[in-house]
Every structure is written in structure tokens, then in C-alpha cells.
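J.: Please build the complete structure, drawing on both the sequences and the hints.
So the chains spell out like this:
Number of protein chains: 4
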Amino acid sequence: MRPEEVLERLKTQRIETPSWGYGNSGTRFKTFPAPGAARNVWEKIEDAAEVHRLTGIAPSIALHIPWDRTEDWERLKRFAEERGLRIGAINPNLFQEEEYKLGSLAHPDRKVRDKAVAHVLECIEIMRATGSRDLSLWLADGTNYAGQDHLRARKHRLREALERVYAALPAHGRLLLEYKFFEPGFYFTDLSDWGTAYAHCLGLGERAQVLVDLGHHAQATNIEAIVAFLLDEGRLGGFHFNARRYADDDLIVGTTNPFELFCIYTELVQAEEDPDPEVRRTAQEVAYMIDQSHNIEPKLEAMLYSVLNCQEAYAKALLVDYVALHQAQAQGAVLEAHRILMEGFRADVRPLLREFREGLGLPVDPIQAHRNSGYLQRVSAERGTASAGGGFPS
Amino acid sequence: MRPEEVLERLKTQRIETPSWGYGNSGTRFKTFPAPGAARNVWEKIEDAAEVHRLTGIAPSIALHIPWDRTEDWERLKRFAEERGLRIGAINPNLFQEEEYKLGSLAHPDRKVRDKAVAHVLECIEIMRATGSRDLSLWLADGTNYAGQDHLRARKHRLREALERVYAALPAHGRLLLEYKFFEPGFYFTDLSDWGTAYAHCLGLGERAQVLVDLGHHAQATNIEAIVAFLLDEGRLGGFHFNARRYADDDLIVGTTNPFELFCIYTELVQAEEDPDPEVRRTAQEVAYMIDQSHNIEPKLEAMLYSVLNCQEAYAKALLVDYVALHQAQAQGAVLEAHRILMEGFRADVRPLLREFREGLGLPVDPIQAHRNSGYLQRVSAERGTASAGGGFPS
Amino acid sequence: MRPEEVLERLKTQRIETPSWGYGNSGTRFKTFPAPGAARNVWEKIEDAAEVHRLTGIAPSIALHIPWDRTEDWERLKRFAEERGLRIGAINPNLFQEEEYKLGSLAHPDRKVRDKAVAHVLECIEIMRATGSRDLSLWLADGTNYAGQDHLRARKHRLREALERVYAALPAHGRLLLEYKFFEPGFYFTDLSDWGTAYAHCLGLGERAQVLVDLGHHAQATNIEAIVAFLLDEGRLGGFHFNARRYADDDLIVGTTNPFELFCIYTELVQAEEDPDPEVRRTAQEVAYMIDQSHNIEPKLEAMLYSVLNCQEAYAKALLVDYVALHQAQAQGAVLEAHRILMEGFRADVRPLLREFREGLGLPVDPIQAHRNSGYLQRVSAERGTASAGGGFPS
Amino acid sequence: MRPEEVLERLKTQRIETPSWGYGNSGTRFKTFPAPGAARNVWEKIEDAAEVHRLTGIAPSIALHIPWDRTEDWERLKRFAEERGLRIGAINPNLFQEEEYKLGSLAHPDRKVRDKAVAHVLECIEIMRATGSRDLSLWLADGTNYAGQDHLRARKHRLREALERVYAALPAHGRLLLEYKFFEPGFYFTDLSDWGTAYAHCLGLGERAQVLVDLGHHAQATNIEAIVAFLLDEGRLGGFHFNARRYADDDLIVGTTNPFELFCIYTELVQAEEDPDPEVRRTAQEVAYMIDQSHNIEPKLEAMLYSVLNCQEAYAKALLVDYVALHQAQAQGAVLEAHRILMEGFRADVRPLLREFREGLGLPVDPIQAHRNSGYLQRVSAERGTASAGGGFPS
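Residue numbers (UniProt numbering), protein chains in the order written: chain E, 1 to 394; chain W, 1 to 394; chain Y, 1 to 394; chain V, 1 to 394.
I should point out that these hints are in silico values taken from the structure, not numbers from a laboratory. Only a predicted model underlies this, so the values are computations on that prediction, with no experimental measurement involved. Check each hint, because a few of them may be wrong.
Identical chains blur together in the list; that is why a pair holds if it fits in one copy or across any two.
As the list claims (entries may be wrong) - As a list, the in silico SDA-like pairs of lysine to any residue whose alpha-carbon atoms are at most 25 Å apart:
hint, residue 1, residue 2
1, K111, P275
2, K101, L376
3, K111, A330
4, K77, G359
5, K115, Q327
6, K11, R346
7, K77, E183
8, K115, A386
9, K101, R378
10, K101, V323
11, K111, V323
12, K115, R383
13, K11, R75
14, K111, A324
T.: Next comes the structure, spelled out in C-alpha cells:
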């Protein structure tokens, strides 16, 4: 693709940041409180707006309920819009109530399942109230010991609960079903791989799609292959971007294996230009969301890096000469095809991105602009340093 | 289950041994030739018959084409039947022709795909000729480098080829589609996980089912969960049993993690007794097959251990008190449920299996009986020690 | 070994339980508070005493400082002794102070390292005060991003700090240095494998030994091989027993792979009987400690299972006929050697353990005895249900 | 570093190619014969010389004995020198004789160990005859089943054999001891990790050093941390470069995770400039060797990519501003330190490498130059297509 075209395409890129990335979070060992970390949904929106102001490509914020619950959703929506943001995916919390000790939608006890479904239905109401398109559903459901629960019975309970949720979706709303290899279920996880999520989506209906979190796979899994498969099946709903070396480390996206991120984006770019309109449509509707847990990093800066690393990966993927690539592939030219792909990765896109930012009146170095802006100093003074326990907020 | 019932159920167990387990095989570094290793399909059938004679539960042999190709399938079928065996699954070879360097059914070149399909159609003819029910399809198809081939194009080519194969199946024949995490494709494998195989099976039809090889998963994968899911979906077609620590090590089944084998069998036993007749039917039709590559072990003895380890795991799984288990599960009694399961595993089933063997007039210690039988000495003298290269026969 | 000998040897087995296993702990997502969970060190000692009363083989308790800090160590020691317990390993906490965000003993800032050393020196004082032999040192030190810190500089800082610690040990005190593959360091961990810990121990002196936690390895690591190597080098100091499928799941020991636990014990039994007195001495001084984090399990019951699973594994390992085993090994009889080992694992040791307990006047079914004892009901009433945040206490 | 300095440093880089990379090799499933693949050591030297001619940084070739054995080592040395090459590391083969079925240097039978030692001593003679500095020792020794052999006895046998080998080294010769996580030992490997190799090296003497093969680690292992540790200990002897996703895939170096290769090189560059002369000396003497097994790739082209990918990684590592990096690290500036490192990786070094090549009169595009040279056509005509079995040559 020619640089001018790349610049045009970069303008269409959108990355959604998560409200919970702006507050304190940690490992099970310790949550280190960060000065100025957002304490409530209003402050999270302000932070997300700052990220969008600096990057120009992060115009929405995902919410997590109940952490972000408010009395007046209309006001919250306006508050966001006044700052150039819209409300993105709504994420129910099905893991922090005492009742969820043995699961939520797949729990052995119907009362607990009903409670969990009721919470998701509340989230669907929040979708309506905020204009959100996507219900983003991650379940902590699983077991810790062989024999602890009946695997097929759990499957049936989960399906039944998902059907109740799916039936309640708004007309154009989507259910994005996230899978995760392990944690906090250490023996078994009810939605442990894309295949399980996919099978449930097939059973639910067209607006149920799979959510791919980059940290939720077994070691050595080829994630771009999963992305390609789901794109082809019309079932790729979105991403939770982050990075990891071993487990679900929730690090800044693109920091541990930038080549993997690039390869994922090359599948998306190819799908965006596919001859098949269904594949193109699926690709265009993919929700690109960050999901990270910053333990030792300055939170806003970490989010900026994440968004910018996605931009860099997309830019490199756009630079690949796919016509030449497909030709080499068709000829079985193994190393030539690989080389053509790598040319995109080898490119230094920093000048191009500078040009992109200048063209849109954005700071050419968003990180430096953030550091110079005094934003962190200001919010640190205003918000102070919240006390923090272990793990996630509750 | 009461011991008498366990004894009855053990009589229904069937384990299929593979012809290629009786010949020389090795790693990429070296194939160590074993004295008396079978040199052709007739000798392999003799060895398989010996395993069945000693264990009583291995009455069929899987064939691999072209390694086991013969001119006269009728004669081969009779030869097997005279020794108490029937012909089990037919396994096409789609990885040892020069043309398959870049794949077979998913190869970029239509001519190669046609050749591969033609080979599978020949195997389907052999199914008809030998009375085999199952076509057991493993593909080495994959790529070694990012960009080497177009992932979605490969998917479409593979599906089209599979449709041609599926259409040619005998009326009651099944296509068992095997997946494998990696090897020999090191970057990408066309059928890399159960989800991919399952999706293709859905696209093909009811008689396409998934084949689970115990060595073909990412580290830490919960295989019994996959088994349970596929049983519930009516898509578990069969197993390739073996053991591994890291990769597809093809060791004697049950040797590296006997608890995992037990857990898998508990899912099968529960499905055999499920209230849902569809689940029971799926469980009853599962093909239990060994797929091992013995590098340093005496081949017949290795196969005996494999069959006996499956018997032991099944016996232990039968001993679990599932009524009590399901009750504890329903009550969320985590550790009590786990304990009930473990009681089956803790049981020493050697006395029970001795009783089983005595009841059927089988040697009480099949391994010792084999060592005492002089069989290995006899065939070593007759067959000599074949020379062997690296890896699999060709 | 004959059953009478096994019974004698079982009397010598000792398993140390950790104070933190009796309080609430959780994942980063949620800590579910358990009714009756111990709220302070006195209650933890009571719980540990109950485990020892029921099993007869858990006569010591490991402490974690500052969680278990008290003003009067003499009183605490007496309190324990009155309940049949002695104080086991002292575990410093070098991960929950704000200053430790970027490390403790390897932190870039000398002031933080000094603070960390001072805390360990305090722990050494507690060793003296409580008669504890072992300082059990786990570090959360590591980094999250490539480039975050200078790897070799961290090594030097860590070594220097360890030297200060080692120099302060009591005359017969030991430094047990624990390694961990990852978490909470997601990119790099300063003590990430046994080799690193071993190299540091060599540099420190003879009383520095390696601590093996079963959950702290990469997937597919052969832990018994590490155990054997360290035993042979005189550098195996102790264990943190637990179980896991994928990461450091801290489940009840022996629940995910009982065969692995058995294999580890076979190495220890062989070392206990080795011709080399140095190897025997190392084996005899190994500290067997549980380190678990019970998230959904009743805590005392979970600890009982852990202790009993260690007992079962040891009993099975004692039953192996090592004379025959070593003979088969020397002859290169691959499958016969494996079979001899497996005979120990196959044995049902429940009758033997019943006999062991009867002989010592212990409850024959410690779990059932615990359930019947009313202990949990009593402490639940007394202690109530503590509120709990995420992760570990702080 | 300034570009002129980078250019100077690039001139000092040396990559050794392996003779076995020019012949046919494969997986255990199939060896696909490549037209023009080298059939003997003379042709391999010609191919290595061609790689050196095109890249200017590959002036030595590693030999594998007996595959490359010749009657007249003087002549072979001259033959190489006439083509601008010297003989690099000598690699004994201890896995392809029938006797090595259960091991070589650690085999239970002294006769086999003696045979293995004798072969290595022959290789040491070849070192003398060819002027090679390094004995590069990889062992396939290991076991497939728990109990198969006595782990500590194997350690003692191995040590004793290594001592005999070490004692025979030429005065300035080095023993490079390679470790490997698994394969072909599937249960246990005698030299399975760097710690084991390191401990043996300590026991042998100063000229025993560890060899790091990039494909020989557990998933998620931080290889650059091992490199840094061994550099600091003076025990990093060399590399076997290649790439892999899951197991020891032996792909072209830098193709699956170029960022990992870059991170490794940053440790080496930092050691080359370390204040400590010992660290600098260790870094300068590191042997950089390729070890790949090309299954589907044109062999020469694959080797060219490998050499060039090492060059690219080194160039990027040289571009990092280490002064600024170390400053940021000392300040605990997590993301700034990471960003500084990444600037080196982000750089597009293609223009710089072009300049480097022009300066030395090398082809600016070595791959294209190779394709245009007619070399492959010529040797294909001369050599034909060798027939090939499975796995490695024998």
C-alpha cells in the first residue's frame, strides 16, 4: 500500500481503552497504589479522554459494572461525549460476589445462576442507556479439582444462562464471548478456548461472537490463526489487547512479542480487503479493545504506549505488499513469501506516524506531550494516592 | 459400581492397536532397529493377534496406507479373522510423497490436492474391502513461517477437499478428523486444535467426528474437558492413545500421567451411563485406538503395557461412585467430590483384573506370559533385525 | 521394603504446614472469606496443632513475617509447644511494602535494598528467638519489561544482599533460597530457576541451599530430576509442596498429578538409603513444607488432604523394590525397570496407613475425624468470617 | 552508538554456519530431498564459502563427525582456506550408533561409555588437525520412562566421561556443553537445562563453558536472562542459533520472534562494553553458530537469511543508547527504560546494512545476488537430488 493510502487507513483505526486500566490494580501479592490513579468512573473518563486527545484514535471507553455503576447514565454519557468519547463495551462482573465462589452462569445452584443472569441483564440495560453496542462477557467460571463439578452439566447450565442473556440483547447489540485458558479456575475453565466459545456462539445466534484476549492462550498458540479462522467464520467479535510472556500477565500490548501483534494485524488487514463482503464486514466490525492491568507502570503512560503500539502494528501491517505476498504464496515460494511479509515488519513507521499526527493536529510525540502536559501532576494533586489492597478493585 | 458389574463392563472394553506400532520407528535423530520388528502387514497382524491373545481386549488392528497396502484385501481380511482380528481404522498417509512438501489437502496447488484426495478415496475403497468403519485422517498440513501461505485460503481448500472425501464415505462409514497442536508444521497447522476439527466436522455432516490424540495438545490443556464437550456435542469419534511429557512423544499410554488417563475415562464412563440416549450412543461408538511410536522399547511388550494401562484406567474409572459424586457436586462440596473421584483412582485394581483374566481364560500376567511364550525369540529368528533409517517407514 | 519397615519409616516423616495456609487468601480477582479462617498467628497455631493432632506428622508451623509478627516470641514459642508444635521456617515478606515495587534485595536503589536486608535480619532474630533452623527466602524481585533494569547489575546487587543475610545466620541456621519461574515478575525473575538459586548458594556457602516449590517451574519440567541433582550436590534444602496445572496455582499437593509427587518421593527415598553418607545426610535434613493458597476450599480440610497426600506418596515410594529396580536399570531393561517403579505407585496404601494410624492412636480417617470433631463449627463461631480483599493478606 | 561506530562493530561480527545445514534433513515424518543439497563435506564447504562470499561475516564452518569425516584433514583444511573459510567447532555424534539406544556418555554400560568417549577423543584429534578451537558437545542422553534409569548414577557416569574428555582437550581448546530441554529423551534428559550444564562445567574446569541453543528451552523461558547470567559467570561459550515456536523446531533464526533475538544481542553488546574486563573477554570469545535443520526451505537461501537476521539483530542492538538506558534503569523509570531499548528495535537498519555491504564490496542484497548467481542451478545440475530417508543423515 502506498504511504498516502496508509495514512488514510490509519485514520480509520479505533482502539478502545478500559475504564479499569486507569485505576489501581495489582497481582495477588500486592497492589501498588499509583499517585493520581482514577478513583471513580468520572475520573476514568477524564483519563480516557486525555489518551484520546493525545492519540486521536481512542474515542471510546469500556465500562465494568459494578465498578463503574452510576445513578445517572444519561449524565455519564453526556460527560463522556463532552470529552469526545463514547461508551464502548459493557463488562459485567461475575466474579466478585461471595456467591460466585463456585461459578456464576455455570454455578451448580440455580439461585446463583439467576443472580448472575440478573446482573448481566442489568448490564444490557446499561448498554441501552449508554448507546453501547457490545456486551463483553468474561466468566471466571471453572473448577480447581478433578471431580469438583460435572463438566457436561456445567456446559448445559452455562448455555441456558447464555440463552437468557442473548434473548435480552438490544436489536443491534452483540454478545462478545471471551475465553481464557486458565485462572482463576486452575483445573478446568468453562470457556477455556476459542472452540468452546465458538460452539456456544453457534448455539446462540448470529450476534454472538468470540472475543480474543491475547493473554488467554496456551503457550505457543498461533493466535493469528485463530483470528483468521474466526474472521472467515464471521465470528470474530473483538479483541482484548495486552501482552504476556507466560500467563495472563496483562502487560502493555506489543511489549513482549511485537511480531505476534504485527502478524495478527496482517490477518485483519487482509480480511478488510477480502473479495468476500462477509469477511470484510466482519473485519470492519471488530471491536479493538485494550485490557490491561498495570501493576508498576504509570497508568496513563502505559495506556498511551498500548494505543501507540497498536497503531504501529497496524501501520506496519498496512505496508505489506499483499498482492506480491499472495502471488509468492500461490507459487509455494516459502522464503520469498515470508520475506515480503517481513518487509512490512522491518519498516520504521515512526516518520509515517509523525506525518499522520501532524496531519491531524495531534502531538507528534504523544508520550512526551503527556509528560509535558502536567496532567499527571494535576490529577495526582487532585486525586491523591488511593489506598489499595490486593488484585482488582471490588 | 459393584465389582461384579465392573467385571461385566470390562468385558465390553475394546482397544485397537496400530499396525505401525509393531514395526521400527524412531525420532528424527535415529531409528533403532528392534529384533523381530514386523516387516510387513502380515507380520503386524500376527503381532496384533498376539496382543489380543494375551489381553482379550484388542480385537482389531488399524492399518496405514501405503505402508500396509496389499494386492488382495480379501485375503488380508481373512488372514486377520483367522487370528481373531478385524480390520479397524484405515489411516491414509498424506505426508511422505515429495509433492506433500507444502501440504496435501490444503496445498496451494490443485494438482497436489487432487492427488491427496485420490489417495484418500483409495483408502475408502480399502474400508469397503476390509469392512472397516472408520477413516482416520491426520494431516501433516501446515507451514513453517509467517506469511508462507494464506491461512484462510488454506482453510477453504481443506474444506473443499474434505467435502470430496466425506461424500465418498460408505453409508455407515465415519470420518475421524484428527487435530494436532504442531509438528511437522512449526509455525501453523491447518488442524491445530479440537475447535478447528470440530468446525470442519460441523460443515461436513454427522458422520464427521473429532479424533483426540492424547499427545496433540498444548501444555496444560485439560483433555478430559475436551472429551466431555465433544461427547456432549455428539462429535467425539475416537482416540489415539499415547503419553507424552512435552511434545507428541508417542510413549506408552498411561506412563507419564496416569491420573490424566483416569480422568479421561471417568468422562467416558459417565457418558456411557448418561440419561441422554444421544450421549450414550456417542460414547458407545467411540473408537479407542493406540497410536504410539516405540523408539527404545520392545515393541510387543510396549503395546501390551499400553493396552493394559487402558484397562487399568477404565477399571478405576468404573469403580468411582458416581451417584455419590454427583450428589457432592450438586452440593458444591468441593473436596468431598474430589475425594470420591480419587477413591476410584486410589483403588488397586490388580486383583480385580486378575479375576477378569481368570474368568476369560486369559493369562493372569500378560506381560510375563508374553516373555515366557518364546514369541519374541521366534519372530526375531524368523524376521531378523530390519535395517532402519530415521523416523517413520516410507 | 517390607510393610513393617514401611510403617517404621512412615513414623519418621514430617510435613510442615504454613501459617498463611490457615488464613484467607485468594487470586488477584477475589479473596473469598472462609468462616473460621484464622485471623492471627495464635489461631493459625491452633489450626496447625489440630492438623498435627489428626495426622501425627505435622509437628511444626512455618511463620511469615510480618503477618505473624508478635511482641513476645518466647510466649509464642511456648504457646506452640503446649500444642505439640515447634516453630519451623521463618519466611520474610519482601513484596508488600510500597518500596518494593521494583524489587527488594535486587532493587536499583540501595536504600530499598538496605530496608529489605534489615527486614531479613529481623527474621533471623526471630529464628534465634523461636529456635527455628531455616530461613526460607522467596523474592518477588523481577521486571515486567525488556530493558526495565540491568540484568547483571541486579544479579550483583542480589548477591551482595544475600551475602549480608548469610553472614548473619545463626551457627546452624540455613538459608533456603527459593526460585520461581515467573510471577509477579512477568518479563524477568531474578531467581527464576534452580540453576540461578544454586549458583547463588555456591557463592554464599554450605548452609545456603535450594528450596524447590512444586509450582514454580516451566511446563513439562522434570522436577524429580532437579531434586535428584540437588540431592547429589548436597544443595537440596527443602520443598514447598503444592499442586498446579499451569502456573503457580497453589492447589492441594498431589491433586493434579499424583504420579509426579510419587516420582519425587522415590528420589528422596533412594537418597535416604544411598551408600554415600553425604547424600543420606542431605536427604535427612530436607525440610518438607506445604505452601498453598486455598481459595475455595475449607482451609483445615485442604491442609489435611495435603499432609495425607504427602504421606500416601511417601508410603508408595517406600514400597518400591529398589534392589530389583536398580538391577533392571543396570541391565537396560527399560520396561521392566519402569514396571517395578509403577508397582509402588499401583499399590493401595490405604490399609497400611490405617494400620499406621491405629498403631499411633491416631484417627484412622483424619478427614472424617475432623468433620466430626466440631472444630470448624467452634472456630467459625469464635472467629466469625473475616472480611477479605484480593490476594494475600497485608 | 553512532552509525559509523555501528559500521565498525558490524565488521567484527562472525557467524559460523554448520555443515549439516547444507545437506538434506527432515522431521521424523519425512526428509524432503532438495535439488543441489550438499552430499559430502567438500560440497558443504563450497556452500558455506558461498554464504561467506555473499555476506562477508560467515568465515567458518562447523563440522559434524562422522558425517564429515575424511581421510585427509590437512587437505580439507586447505580446501576450506582456499575458499576463505576456517574450520569451526567440531561436533561429535553420540546418537546414531546402535549402542547409543540408552545413552552414550551416561549409558549404564561402561563399554558403551568407553566407545562414546573414544569417539569424542577422535573428535579432539580432529580439532588438532583442523585448528578448531571448540568441541561442541550435544548429548541425546536421556530416558523415556520414570524408573528407566538411576538419575544420580547417570550424573556420575556422565561427569566421569566428561572429565576424560576435558583432560584430552588441546591447551587452548574449549568444551562447549550444550543442554536441551527434551528430545530425544522424553521423560528425562541428562543435560536438560543451563543449570545442569553449568554445574558440570564448574566441576570440569575453566575451559568448559555452556552452549545456548535458542530452541532448547521450556516455553516462556527468558533466554537473554540465561545469557546475561552466564556472561557474568564467565561461562557462556557459544550459541546455536535457530528459531522455534514450540519445540526444537530448528527454523531460520529470527523468524518466529525477532524481538527475542534482539534482546539476546543487547545483552551481548552490553557485555562487550562492560567495565569488567572478564565480562568483556567472555563476550568476545563467544562462538556464534547457526544450528538449523531446513526441511522445506532452499538450504543456501535459508542459511543466508539466518546469517542476515543475526546481522540485523546485532545492528539494532548496537543502535541502543545504553548510556541513556542505564540511567533510566537506575532511576527506576520503567517505561522510559523500555522505550529506549525499543528505539533500537524500531530502527530500520536496512540502509545501514546496505552501506556496510557497499563499504566491503559485498552484494547489497545477498539473497537476490544468490538467486541471480546461478549457483543453485549449477550445483543442482552437478549434484542432482540425493535420495533421503527420515530425519538426519546417518
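J.: Hints the structure violates: just list their numbers, smallest first.
T.: 4, 7, 12 and 13
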